[in-house]
Amino acid sequence: MADKRSALTTNIRQNVAFYSAIAMLVALYLVYNMLHPRGFSAAVLIQNSNESVAIVFLAMAQTVPVLLGGLDLSVGAVMTLANCIASEVVNGSPLQIVLGMIITLATGTAFGLMNGLIVVYGRLQPIIATLATGAVAVGLALFIRPVPGGNVDDDISWALTNDLYEFVATYGLFDADAGWFQTISWIPVPLLIVVAIAFGVWLPFKRTVTGRTIYAIGSAEGAAYMSGLPINRAKIAAFTLAGFFAACGGLYLAIQTSSGNADITQAGAYTLNSIAAVVVGGTSLLGGVGGAIGSLVGALILRVISFYFRIVSIDPLLQPLVEGLVLLAAVSLGAFRTLRVKNQLNLFR
Amino acid sequence: MAFHIPSLKAEDKPMVIASAFILVILSIGTVYTLSTQGSAPLLSPGYLLQQLQTGSFLGIVAAGMMVVILLGHIDLSVAWTMTAAAMMATTVGGEWAIPTGIAVGAAVGLVNGFGVAYLRVPSMIFTLGVDSVLRGLMVAHTGGFAPQDSATPLMRTLASDRFLGIPSAIFVWLAVSVVIAVMLKRTAFGREIYVTGNREVAAYLSGIRTRRVILGSFVVSGICAALAGVMLAGYSARAYQGMGNPFLLPAIAAVVIGGTRILGGQGRYIGTLIGVILIVLLNSVLSIMQMPEAGRQVIYGSVIISMLLVYGRGNKVHS
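Residue numbers (the numbering used here), protein chains in the order written: chain B, 1 to 349; chain H, 350 to 668.
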């Protein structure tokens with residue numbers, strides 16, 4: 001019992017950034033629902049989760065290269081590319097739809113793989129390599145969709161952006177009014193998608209040798225190399241996974257908006273917000289500390305803050321300023337570290 | 350490497366290759382115009398000067414950006430620093446317009462430097478936050494519209510008039526270049542930037558006040574961005590929302606193409622100059638070819654990647 005308790009305290013102490021992010025999210029969202037006239041209703045939850053999926057996926061995408069000590073400035077662009085591809089191919093017969101989704105995800109993953117190959121075998125700094133490949137991705141997206149628009153199957157965009165009840169009813173899987181189903185039928189599908197991918201892809205990956213190596217590289221690349229860890233494989237895997245998550249975001253965005261939009265400004269904004277979400281979620285930009293689940297929480301925190309503007313009466317002209325100040329304050333929270341260090345030299349890592 | 354030039358010093362390689370690539374761009378563009386229009390506007394001095402005039406804004410931003418990148422940091426706030434400086438300058442107007450704009454840049458630099466050097470927030474994220482705060486301030490200030498105030502005559506003179514037949518913007522760019530180059534090469538502050546960028550702990554232990562060096566560098570970057578913003582407002586006769594946005598990524602690309610290490614500590618100003626010229630000419634050749642935006646982005650990205658693959662490769666990891 002004593003052992004268990006000390007294990008728990010160690011766990012909390014080592015992940016203090018992560019747990020405080022979760023606490024902050026819960027507090028923010030509870031207060032939001034209390035202030036909201038239709039708070040604690042399924043409709044609000046569905047709307048909020050729909051609006052969060054893309055940035056959550058991008059934050060998860062950004063996390064993996066950041067854990068290496070790198071940065072992927074192309075995630076927003078890859079998301080845009082996937083969004084435009086999906087707006088072309090996700091329609092037709094059910095088989096075609098599934099195929100279209102696979103094509104979309106595969107393209108994003110392949111783009112991530114290319115980033116990884118350039119970083120590893122080209123030996124370029126990730127930040128500048130992905131800056132350039134991001135331009136290529138946006139260019140390709142513009143080729144596919146010079147003007148916003150597109151065609152996404154209506155059933156799938158209805159089914160995937162509502163609660164489980166509508167999902168089951170749309171496809172007539174079984175009797176959606178069945179008694180046992182009532183307890184879970186309110187759960188929003190987008191929430192399930194995010195949770196399934198976060199826990200089904202990221203957590204298993206993190207436990208593999210490749211996943212562990214990503215953390216090792218972020219802590220000390222030289223030491224990881226000397227320990228015989230598969231450095232190249234881990235780096236390529238990290239960027240590939242980033243491409244996959246970004247493509248998930250783009251695919252969902254296409255399904256949610258029923259269209260594709262190759263907007264360069266939007267791609268840039270998503271990339272920058274993904275970095276902010278990663279930092280808020282407790283992942284260190286120096287690498288080696290954090291995880292995609294933390295970034296998921298970080299992205300949700302940023303989204304919930306922006307939801308507040310809808311219910312708190314604030315001059316719309318001041319809204320961007322408040323958003324900016326909140327972002328700046330959130331990322332400066334880490335500054336308290338500088339007040340705690342005993343040895344000045346520890347500051348200059 | 351296929352074309353290894355033995356007598357070339359490693360740090361000169363980026364400049365030589367980038368210059369060679371500028372010639373390649375010029376000849377491709379000339380061949381294109383000769384074959385389609387039968388003329389070679391790219392080689393006429395007037396056209397080149399006009400391109401350099403529009404390039405001078407990017408050049409000034411890149412000069413400041415380089416100082417920060419030499420430290421191993423980055424300044425993502427230049428876009429809205431430019432816009433904020435331009436908007437405040439046109440709002441104040443009169444003879445105080447330009448000093449106000451520059452002061453805005455210096456103030457932004459101080460905030461950035463404080464956050465990065467003293468609070469130790471990673472520059473990537475702190476300058477990003479400052480950028481969105483500036484955007485918020487400008488939206489609140491202007492109401493989200495382009496301000497009606499127009500640029501003062503002095504701002505227009507600096508940006509779009511000609512002096513001795515050469516656009517005066519190029520003289521401003523030259524002056525900024527000389528100041529930055531001399532600062533980096535000949536002053537203690539400049540040498541301290543390189544030392545701090547190479548290894549901050551070592552610099553600190555050698556008695557360099559690394560925090561002040563970082564603070565000063567961000568102020569330089571802020572001032573450069575502000576100057577470019579004020580001149581851009583002079584060039585287009587007024588300030589407008591998002592006027593700085595197209596300058597951020599090209600400025601970083603120009604610095605890196607010019608051989609400055611993105612991790613800091615290494616790079617020469619002349620390289621940044623060549624990088625800016627390369628990007629400006631690449632853009633103008635692509636617009637002569639009436640390349641759609643999609644193709645431009647792809648070519649732009651591919652050029653940066655392939656130039657870096659030739660000379661920007663890092664060392665292999667060992668212990």
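Hints were generated in silico from the structure; no laboratory data involved.
Because the structure is a prediction, the values reported are computed rather than measured.
All residues carry an ideal CB built from backbone N, CA and C; glycine is no exception.
There's no promise every hint is true.
Listing some non-contacts, in silico: residues in chain H with all C-beta distances to chain B over 12 Å [said to hold, decoys possible]:
#1 Gly387
#2 Gln402
#3 Trp445
#4 Met487
#5 Thr491
#6 Leu503
#7 Ala530
#8 Leu533
#9 Phe538
#10 Glu549
#11 Arg560
#12 Gly591
#13 Arg645
#14 Ser655
Label pairs and their calculated CB-CB ranges [to be verified]:
#15 H:Arg662 - B:Pro204: 44 to 54 Å
#16 H:Gly492 - B:Asp154: 54 to 64 Å
#17 H:Lys534 - B:Leu286: 49 to 59 Å
#18 B:Asn232 - H:Phe538: 33 to 43 Å
#19 H:Thr403 - B:Ile314: 54 to 64 Å
#20 B:Val31 - H:Ala455: 19 to 29 Å
#21 H:Glu642 - B:Leu99: 22 to 32 Å
#22 H:Pro448 - B:Ser313: 49 to 59 Å
#23 H:Ile515 - B:Pro146: 46 to 56 Å
Here's a subset of chain H near chain B, in silico, CB distances under 7 Å, partners left out [to be verified]:
#24 Ser481
#25 Ala489
#26 Arg511
#27 Ile515
#28 Lys534
#29 Val605
These are the hints, each one checked on the structure:
no. : hint                            : verdict
1   : Gly387                          : 30 Å, holds
2   : Gln402                          : 25 Å, holds
3   : Trp445                          : 25 Å, holds
4   : Met487                          : 9 Å, violated
5   : Thr491                          : 9 Å, violated
6   : Leu503                          : 30 Å, holds
7   : Ala530                          : 23 Å, holds
8   : Leu533                          : 21 Å, holds
9   : Phe538                          : 19 Å, holds
10  : Glu549                          : 4 Å, violated
11  : Arg560                          : 9 Å, violated
12  : Gly591                          : 8 Å, violated
13  : Arg645                          : 7 Å, violated
14  : Ser655                          : 9 Å, violated
15  : H:Arg662 - B:Pro204: 44 to 54 Å : 34 Å, violated
16  : H:Gly492 - B:Asp154: 54 to 64 Å : 39 Å, violated
17  : H:Lys534 - B:Leu286: 49 to 59 Å : 31 Å, violated
18  : B:Asn232 - H:Phe538: 33 to 43 Å : 40 Å, holds
19  : H:Thr403 - B:Ile314: 54 to 64 Å : 40 Å, violated
20  : B:Val31 - H:Ala455: 19 to 29 Å  : 39 Å, violated
21  : H:Glu642 - B:Leu99: 22 to 32 Å  : 30 Å, holds
22  : H:Pro448 - B:Ser313: 49 to 59 Å : 39 Å, violated
23  : H:Ile515 - B:Pro146: 46 to 56 Å : 39 Å, violated
24  : Ser481                          : 4 Å, holds
25  : Ala489                          : 5 Å, holds
26  : Arg511                          : 33 Å, violated
27  : Ile515                          : 32 Å, violated
28  : Lys534                          : 24 Å, violated
29  : Val605                          : 5 Å, holds
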